[in-house]
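A.B. asks: Sequence:
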Amino acid sequence: MIGAAGRSPSAARLAGDYFQHLVAWNEALEALRSPAVTAVTVEHPDAGNVDDVVVHRGVGPSLYTQVKHAVDASTPVGHRWLMSTRTSNPTSSGVLQKFHRSWRDLTTRHDHPELRLVTDREIDPNDAVMRGLDRVTELLVPDISHRRAAEGRALWSQHLDITEDELVEFLGSLRFETGRTIRSQQQRAATLMSAAGLNSDHRAIDSAVGLIRDWVQLRERTLTPEKLREMALERVGQQRTPGAVVVVEAIDYDPHPEDADERINFIDAYLGNDAFERRQLHDPNQWHRISEDIEQVAQRLHNAGVRRAIVRGAMRLPVWFHAGTAFREVSGFEVAGLQKEAIWSSEDLSASVDVRAETAAVGDGPDAAVAVGVAADPTAEVSAYIAAANLPVGSLTSILPAVGPSPAAIPDSPTAAAAAVAVRNAVRDLLRTVSVARIHLFLATPGALALLLGHRWNAMRPTIVYEHLGTGNGYAPTFLILA
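Using the working numbering, the first residue of the sequence shown is number 8, and each one after it goes up by one.
Computed cross-link-like contacts, SDA-like style, restricted to lysine to any residue with a CA-CA straight-line distance of at most 25 Å: (1) LYS347 / PRO264; (2) LYS234 / GLY65; (3) LYS347 / THR422.
No lab work stands behind these hints, which were simulated from the structure alone.
Sequences and hints are given; from them, build the entire structure.
C.D. replies: This is the structure we're talking about:
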């Protein structure tokens, strides 16, 4: 809108505080899960310019985190931002100089401290050094040692007035976690809070940020995990028993794989260079291996006595569904999945949700096709694919919300848990009326709902789950799931 005012300095400051406190809360949650952590300090008085959050470990170096919030997208992480100083103060230091000064000071007092920059700024794509950031380790080492980075390496060394060898040593201790938006931090908080058994809705997250805000104002700002847990239970509240975080990196990397109790990664198995393109595997026979990996994760957790799994990650609907079948209700599991910033859980089952099921003959084969449409109605596209692929299918049953499909048809966790049961029951009703050898399953649902549906998918028939290849491009078979 022309003439619209930008954010006031107070609003920017409050947003920065909220972002910093949210990052600190997530580090506190991670500390509750790690036996190596002995204490956490916020705004450490002796940590120099890396004082926002310090995680102390019984063995190994402490982790010093500095949080930087961006008002807008005009200042990406590159040498210009890292080296810029306040023009009003010629003696001021830039971000990179502050990190180096803190690293040098802490190194004299400790052995190889770990430093980390967490920011919602993205990397400057035109910066020759930052382009070499390893997205797995979040380090510029070893790329900055290569010949192609010689010019940038010389610039950074000159800026810090150090040798290139010291620069490489310094950068080996500094992680750049960029593009960490407030939304991604809220998603991380919801997952970790649910895994800790804490309330995890928006109100609970706001209460947790308030806890950090109050903590910063305490005289004693170093707390043990035991004290942190006590404060969290008092301020946020416990909802259910703790569980394990299962991170699935199917079509893209998770920003915080360190949260995972179990991690599955098969990004390289896909065709395509980004998450939008990744829909089919290089070798479709690999679906069987991926299925085994998912099942093995569930078996390991079951053997360890874990009966609650919180699933998070960038994956398409067949993978969400199969994760649910791995953690099936009949195996004694409860499941929860991250849906946007909310946790949808099988434990939040409400009374009932009405769905309508319509069955039409599409051939004379021994199998049945089931199309579940929540976000949209896939019936026409599924019907066309069945004919084009000559599937051995005799009928197509479309299951839709009684209120009609739409992105808002399933607004929350209780509705999703009830919808999963309703869809499962509708398929069971179908199996009572016709003879079916196999089910061909097509999904157009939120990811977490596919997880909850898989969790309830028992007493069925062997089920082939299909991946949608994009509007007009049909489908492709993925997993064969025994039920």
